[in-house]
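Enquirer: As a plain string of letters, each chain reads:
Number of protein chains: 2
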Amino acid sequence: MRPVAVVGMGKTAFGAFPDRDLRSLAVEAGEKCLKNAHAALSQIDAFFLGNFAGPSFTGQNHLAPYISTALGLRDIPATRIEAACASSGSAFFHAYNGVAGGVYDAVLVVGAEKMTSQSTPKVTEILAGAGDCAGEVKAGSTFASLFAMIACRHMYQFGTTRQHLAAVAVKNHANGALNPDAQMRKMITMEQAMAGKPIADPLNLYDCSLISDGAAAVLLAPAERAGEFTDKPVRVLGIAQASDFVALDQKPDITTFPAVRRASEKAYGMAGIGPADVQLAELHDCFTIAEIIAMEDLGFVGRGEGGPYTLEGHTARSGERPVNTSGGLKSKGHPVGATGVAQICDLVLQMRCEAGGRQVPRHSLGLAQNLGGSGASCVVTILGTV
Amino acid sequence: MRPVAVVGMGKTAFGAFPDRDLRSLAVEAGEKCLKNAHAALSQIDAFFLGNFAGPSFTGQNHLAPYISTALGLRDIPATRIEAACASSGSAFFHAYNGVAGGVYDAVLVVGAEKMTSQSTPKVTEILAGAGDCAGEVKAGSTFASLFAMIACRHMYQFGTTRQHLAAVAVKNHANGALNPDAQMRKMITMEQAMAGKPIADPLNLYDCSLISDGAAAVLLAPAERAGEFTDKPVRVLGIAQASDFVALDQKPDITTFPAVRRASEKAYGMAGIGPADVQLAELHDCFTIAEIIAMEDLGFVGRGEGGPYTLEGHTARSGERPVNTSGGLKSKGHPVGATGVAQICDLVLQMRCEAGGRQVPRHSLGLAQNLGGSGASCVVTILGTV
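Protein chains in written order, with my numbering: chain A, 1 to 386; chain B, 1 to 386.
Incorrect hints may appear among the rest.
Unchecked claim - Only pairs whose alpha carbons sit at most 25 Å apart, straight line, appear in this in silico SDA-like list of lysine to any residue:
#1 K122/B / F17/A
#2 K138/B / S119/A
#3 K138/B / F17/A
Since the hints were derived computationally from the structure, they do not count as laboratory data.
Given only the sequences and the hints, what does the whole structure look like? Please build it.
Expert: Here is the structure:
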């Protein structure tokens, strides 16, 4: 297994783009990435697409060659990976393995989703397909209701409060307001976050990530060849994917996700670091409670401490460990299949000192955590310039 | 890159099973495979699922952990691969790369699809999603009509006849009649095959593969460790995946599939063999014309010679190079996401001399060709006991 680096990145703005289709978004991100890496099409050995539900959202299936050929890539393996909201984190993981294992030299990974052409009820139904349709979905569950149950239990068990949840939203909106590619570029106050329209008690509108269109792309290459593409390579120091039950009722404890714990343990081991070494992170805040639990499962804080840690400002840009400087899924947007690669892109921007107004001072070791469903899939990636 | 072997296999019968859901089929195949390989769950390092359109056929998405956890697998990476009808061929390809590259030791690959719970018009619509929805599908194309155009052109250009197409169907039905797992276990005569109900001229009912439920599984491991699982390992001598345009109208010549040519060239190169060395093959006969073109693109025969070669009996069980001794997609059935792995399973049965009444005498070097859409994805795998 040889060292691997991210040698290029590109992304679209996230938002609702009625005039753009899935392919044009994916192509825009892919072309920006190739340009960013000064890479020629002929250098690309494989194409991976992370996409959750393109066929359901748009009708179009067989999306990997549909997009790769529009980028001008032919002949090479073009493969779509689906792992719910962790689809492009997983695509990145498999692309990494291909380069690390010596199968490929340069691999383009694109994550993309086009969601806003469907009505919100239809989007909710399609997203629910990442849960257990025969069980929880049949009984009326949506992802907001599943994470509401998780939040209720976390509140009961650890004393987490509505204010803790709101603190996640306020912070992520403050970050997103500085991200030119974010869908919702506005700050919110604690009062606003506390008083949002109810969605699934105790979660309100400001606890829920957005319905978005968007795409993101990265180019991976062997670290020893990174200089051919960029003078600002970012090394993949550790990465792992893990899995668990899809249905919430199969989990013995719904306030912790074993797949996140397992993936992070492996990724930390590979990188030879511990959670205390992580300087900044992009975490999967599909709901505010998810960011709190992620910090606990990743070992940033002890169980039940994620809420107070956020409220005390430790995860703000000015805090000891900034989380979601991009704005996160909450404010940047959550085009499901794009999210995993977008997290990598946002870490790379920080590590290159290209994050503009949201740049943080300590940026040499970052972690991305991409969650699928209510914890059935997770990919944890540790990046470094050290 | 280290040598890799297939060390176990398992499959369900293919057919219409109103009482079975996608997961139960996938679990049956997976469990049979693990038993066949004498493998414990704790030995499995990764799980790959090939599935084309589970979310559209059944509503359930996020299928990899949904199935892997039902098999008793937790923690490990569980990933769904979608590449239209080449989904599980592609899953096998990526699993192979993981083992060859040293990422994993033992990888379980399952291909599965549940199609018959939908009406035939709905199935036709879902399958069309593997074509170009904004172009050819919007204009009314179905896969039968796309392959009908391909057949027309092949007839015009090379003199291929209805009789040549029918010869493929007669042969594959003769093979499927001997396969206890086949969906359609009946022989047909040339007269029947010629007189089938029209579907999309010049293709009739007997030129079209079936709508099926089913699953298939294989276990991959490093060749040097194969003995831990089986005394009948089958080596993966060569494998490649390639891609091309999704829309037929983007292809300069619709009577040949560049992705098949490219994938087979790479696979032959890896295996150090040429097409003349292939003793038996499982080819992607989604339509009879597809088997004819596959033989041409794989170099078994020259362009335009696939029809006469079939009619002369060279691809029959008693011929010089048996093709689709399983019955092929035509008679064995075509649960889309299962097909690629099922092809591997059927070659393994031949190579282990476990193919029963359809056993052929020369079985030490076999090739599987799994096609996605009208040629936008292709995986070619060369297996050997030599």
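Enquirer: Confirm or reject each hint.
Expert: Now for the hints, and whether the structure bears them out:
1. K122/B / F17/A: Since the Cα atoms of K122/B and F17/A sit roughly 29 Å apart, the hinted pair is violated (cutoff 25 Å).
2. K138/B / S119/A: holds, 22 Å
3. K138/B / F17/A: holds, 22 Å
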